[in-house]
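Q: Read off the chains here:
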Amino acid sequence: MDYVSFFQNLSNGVLIGAVYAMIGVGLTLVFGVMRTINFAHGDFVVIGMYFAVVFNSVFGWDPYLTLIFAIPLGFIVGALIQKVLLARVIDAKPETMMLATLGLSLVIANLLLLIFGGEPKSVQVSYAASTISLGEIRISVVLLFAGLATLAMISALYWLLNRTEVGRAIKATAENRLGAELVGINTKKIQAIVFGLGMALAVTAGVSLIPLLFASPVTTGALFTLKAFVVTVLGGLGNIGAAIVGGLILGVVEVLGASYLDSAYRDAYGLLVFLAVLLVKPEGLFGKTVKRV
Amino acid sequence: MNKHILILVGLFVAAALYPMTPAAFITVGISVLLFTGWATSWNLLGGWAGQLSLGHASFVGLGAYFVAIGSSQFGLAPWWSVLLAMLVAAVMALIWGKLTFGLRGPYFALSTIAIAEILRLIAINEGWLTGGASGVFIDTLPEPMGIDLFDKTTQYYLALIYAALTIAVTIYISTRKFGYELKAVRDNEEAAMAAGINPTVIKLKAFVLSGMLTALGGGIYGVFLSFIEPHIIFNLLFSVQIALTVIIGGRGTIWGPAVGAALLVISGEIFRTTFAQANMLLYGVLILVVILALPRGLVGEYAHRLIRKKYANRA
Numbered sequence: 021m022d023y024v025s026f027f028q029n030l031s032n033g034v035l036i037g038a039v040y041a042m043i044g045v046g047l048t049l050v051f052g053v054m055r056t057i058n059f060a061h062g063d064f065v066v067i068g069m070y071f072a073v074v075f076n077s078v079f080g081w082d083p084y085l086t087l088i089f090a091i092p093l094g095f096i097v098g099a100l101i102q103k104v105l106l107a108r109v110i111d112a113k114p115e116t117m118m119l120a121t122l123g124l125s126l127v128i129a130n131l132l133l134l135i136f137g138g139e140p141k142s143v144q145v146s147y148a149a150s151t152i153s154l155g156e157i158r159i160s161v162v163l164l165f166a167g168l169a170t171l172a173m174i175s176a177l178y179w180l181l182n183r184t185e186v187g188r189a190i191k192a193t194a195e196n197r198l199g200a201e202l203v204g205i206n207t208k209k210i211q212a213i214v215f216g217l218g219m220a221l222a223v224t225a226g227v228s229l230i231p232l233l234f235a236s237p238v239t240t241g242a243l244f245t246l247k248a249f250v251v252t253v254l255g256g257l258g259n260i261g262a263a264i265v266g267g268l269i270l271g272v273v274e275v276l277g278a279s280y281l282d283s284a285y286r287d288a289y290g291l292l293v294f295l296a297v298l299l300v301k302p303e304g305l306f307g308k309t310v311k312r313v
Numbered sequence: 017m018n019k020h021i022l023i024l025v026g027l028f029v030a031a032a033l034y035p036m037t038p039a040a041f042i043t044v045g046i047s048v049l050l051f052t053g054w055a056t057s058w059n060l061l062g063g064w065a066g067q068l069s070l071g072h073a074s075f076v077g078l079g080a081y082f083v084a085i086g087s088s089q090f091g092l093a094p095w096w097s098v099l100l101a102m103l104v105a106a107v108m109a110l111i112w113g114k115l116t117f118g119l120r121g122p123y124f125a126l127s128t129i130a131i132a133e134i135l136r137l138i139a140i141n142e143g144w145l146t147g148g149a150s151g152v153f154i155d156t157l158p159e160p161m162g163i164d165l166f167d168k169t170t171q172y173y174l175a176l177i178y179a180a181l182t183i184a185v186t187i188y189i190s191t192r193k194f195g196y197e198l199k200a201v202r203d204n205e206e207a208a209m210a211a212g213i214n215p216t217v218i219k220l221k222a223f224v225l226s227g228m229l230t231a232l233g234g235g236i237y238g239v240f241l242s243f244i245e246p247h248i249i250f251n252l253l254f255s256v257q258i259a260l261t262v263i264i265g266g267r268g269t270i271w272g273p274a275v276g277a278a279l280l281v282i283s284g285e286i287f288r289t290t291f292a293q294a295n296m297l298l299y300g301v302l303i304l305v306v307i308l309a310l311p312r313g314l315v316g317e318y319a320h321r322l323i324r325k326k327y328a329n330r331a
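Going down the list, the sequences are from chains A and F.
Take our numbering: the final residue in the first sequence is number 313, and no numbers are missing along the way.
Take our numbering: the final residue in the second sequence is number 331, and no numbers are missing along the way.
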């Protein structure tokens, strides 16, 4: 076994997995307080990608610079979507809200298609091919930036959830919505905030990834929605720490699977692991409650 | 005998006469009928048994591939290929259901996506089995009693018989014990169990029936397309399309899928030039409208209001 290439793959897997983790954390956070799976989550990632594409082609901005606008805008748009659309079906069956997000996903993807056309778009950056050498292992600068963006966002989220009043309210709402309402928390507002946070995280992931890949309106969104499902179900829905581990696992499994097994099945490895977890331990690898879901 | 059978017979006659009208759009008619059939089949599992499947394109693909490969590689007549496909679909649904019916709500829907995606990747990558990413052609078909199966009018009547069959099956089930068992499982699994119903068995039956009927329609679709590409036929969005057709039309109703199919396919045709590839926008907007304003779907909401009116007058 060639150790250099193994560690090379491992580092790539961990870095790409970090971005998956950021996407998954957003999804799991939303599931925690709204008890629904957001089918539009991957489309939020694509919105981030197109945001960077537009700013790059119009103003020539570096994608990472656009994060200054992308994060707050993502938060506001997400909160608005929750307030205008999802808040109306919050008390219906969980499946109804899931279908609402599925409709939202179709609307977003097809609007992007109408605006930008079906041709895949990307952002060319001068450092796209640059690497940093760490011994014999080379780390792509873009992947490193993406990993750092994840680290920053997740640290900020950790701080928000554990050190602020809003964060405590979010955790309380996730644990028991009725109980949270009884102690005076405005859970409607918390849900809007959390949906905004979820979208901000997804948008950041999209902006971070755009120098690496091409975005096309319909297929890229579905791909990332699936990846987000895999990441969150791996660890257990609603559990943030588990989503981070799930993201790293998915990144490593994909990269290792693609290089040591058949690369045509790159996207299948994650799905197989996902299906196995779903069937054997549906509460997730780190889920504590053993109950039928 | 009930009124649904009369409606079905009436619609069948009207649809059978349609190709003879001067301005008939045969291919649109075939699409409406095939979608009606698939949606009605999906409804058995998704509406009556309440299990939201987002993987039914796999069964369409199965039927289409069996017909295509049967004719291009083994010289097998399409009707035998379709029968074979239905058998395989039944086995597939049985295994699929056994694996996933322990899961509830969103988890079941997610598992269907995962399985359908894995099947799609297999269809694309296993060239020896499926002709790979470039797809399969159907170039020759037998002519039973001199009927040309490549003729669009023939295909129209095949699709019509298929759609009518699925609706007839639904009408039959709705009057039988099985129909009530399905509804019981959907509405409250614990209560159904307490009444002596085994939910998993009921769901499995629904899934097997639904899968077989969907594969049958897939076979006709294969003949209709005569060129099958895995990207298109196994696409997740195709599964979503089938599911949303029913949900917009009305889940768990007899006519909801047909109404949904007619509405969506025809309006899709009308807006074809406006939206081009973005034709799924319509599904997205309509599903949001239905969820916010008509949670039972078009037909479901209509029936609900009719019943309320009837009993309001009586009281």
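Hints in this document: simulated from the structure, not taken from any laboratory.
These numbers come from a predicted model, not from an experiment.
Beta carbons: idealized from backbone N, C-alpha and C, even for Gly.
Incorrect hints may have been included.
With the Cβ distance kept under 7 Å, some of the chain A side facing chain F (calculated, not the full set) [stated by the list, open to error]: (1) Y84; (2) V272; (3) L276.
These stretches of chain F come out as covered by chain A in the derived footprint (C-beta under 8 Å, 3 or more residues) [stated by the list, open to error]: (4) 22 to 31; (5) 71 to 82; (6) 110 to 119; (7) 123 to 134; (8) 295 to 301.
The list that follows gives simulated cross-link-like pairs (lysine to any residue, SDA-like), each with its CA atoms no further than 20 Å apart [claimed, not checked]: (9) A/K301 with F/L115; (10) F/K199 with A/E115; (11) A/K301 with F/R120; (12) A/K113 with F/I189; (13) A/K301 with A/R55; (14) A/K113 with F/E205; (15) F/K199 with A/P114; (16) A/K301 with F/N204; (17) A/K113 with F/N18; (18) A/K103 with A/V34; (19) A/K113 with F/I111; (20) F/K19 with F/I189; (21) A/K301 with F/K114.
Q: Each of the hints needs a verdict: does it hold here or not?
A: Status of each hint after checking the structure:
Given the 7 Å rule on beta carbons, the hint for A/Y84 is violated: about 30 Å separates it from the nearest Cβ of chain F. About 19 Å separates the beta-carbon of A/V272 from the nearest beta-carbon of chain F, more than 7 Å, and the hint is not met. The interface hint given for A/L276 is broken, as the beta carbon of that residue sits about 17 Å from the closest beta carbon of chain F, more than 7 Å. By the rule of at least three residues with a Cβ nearer than 8 Å to a Cβ of chain A, the coverage given for the region 22 to 31 of chain F is violated, with 0 such residues.
Figure legend: the region 71 to 82 of chain F, annotated as covered by chain A; annotation inconsistent (0 residues with Cβ-Cβ distances under 8 Å, at least 3 required). Note: the region 110 to 119 of chain F has 4 residues with beta-carbon separation from chain A under 8 Å; the three-residue rule is met and the coverage holds. A stretch counts as covered by a chain when three or more of its residues have a beta carbon under 8 Å from one of that chain; for the region 123 to 134 of chain F and chain A the count is 9, and the coverage holds. For the region 295 to 301 of chain F, the assignment as covered by chain A holds, since 6 residues bring a beta-carbon within under 8 Å of that chain's beta-carbons and 3 suffice.
Restraint check for A/K301 and F/L115: the C-alpha separation of about 12 Å stays at or below 20 Å, so the hint holds. For a cut-off of 20 Å, the pair hint linking F/K199 to A/E115 stands: about 17 Å separates their Cα positions. Only pairs whose Cα atoms come within 20 Å are accepted, and A/K301 paired with F/R120 is accepted, the gap being roughly 13 Å. Distance restraint check for A/K113 and F/I189: the Cα-Cα separation of roughly 26 Å exceeds the 20 Å cut-off, and the hinted pair is therefore not satisfied.
Simply put, A/K301 and A/R55 have alpha-carbon atoms about 19 Å apart, close enough for the 20 Å limit, and the pair holds. For a cut-off of 20 Å, the pair hint linking A/K113 to F/E205 stands: about 15 Å separates their Cα positions. Between F/K199 and A/P114, the direct Cα distance comes to roughly 19 Å. Compliance with the 20 Å bound is thereby established for this hinted pair. Of the supplied pair hints, the one linking A/K301 and F/N204 is violated, its CA atoms being roughly 24 Å apart against a limit of 20 Å.
As the CA atoms of A/K113 and F/N18 are separated by approximately 32 Å, the hinted pair breaks the 20 Å bound. Of the supplied pair hints, the one linking A/K103 and A/V34 is violated, its CA atoms being roughly 35 Å apart against a limit of 20 Å. Restraint check for A/K113 and F/I111: not satisfied, since their Cα atoms lie roughly 28 Å apart, outside the 20 Å limit. With a C-alpha separation of about 15 Å, the suggested pairing of F/K19 with F/I189 holds against the 20 Å cut-off.
Among the hinted pairs, A/K301 with F/K114 is consistent with the structure: their alpha-carbon atoms are about 15 Å apart, no more than 20 Å.
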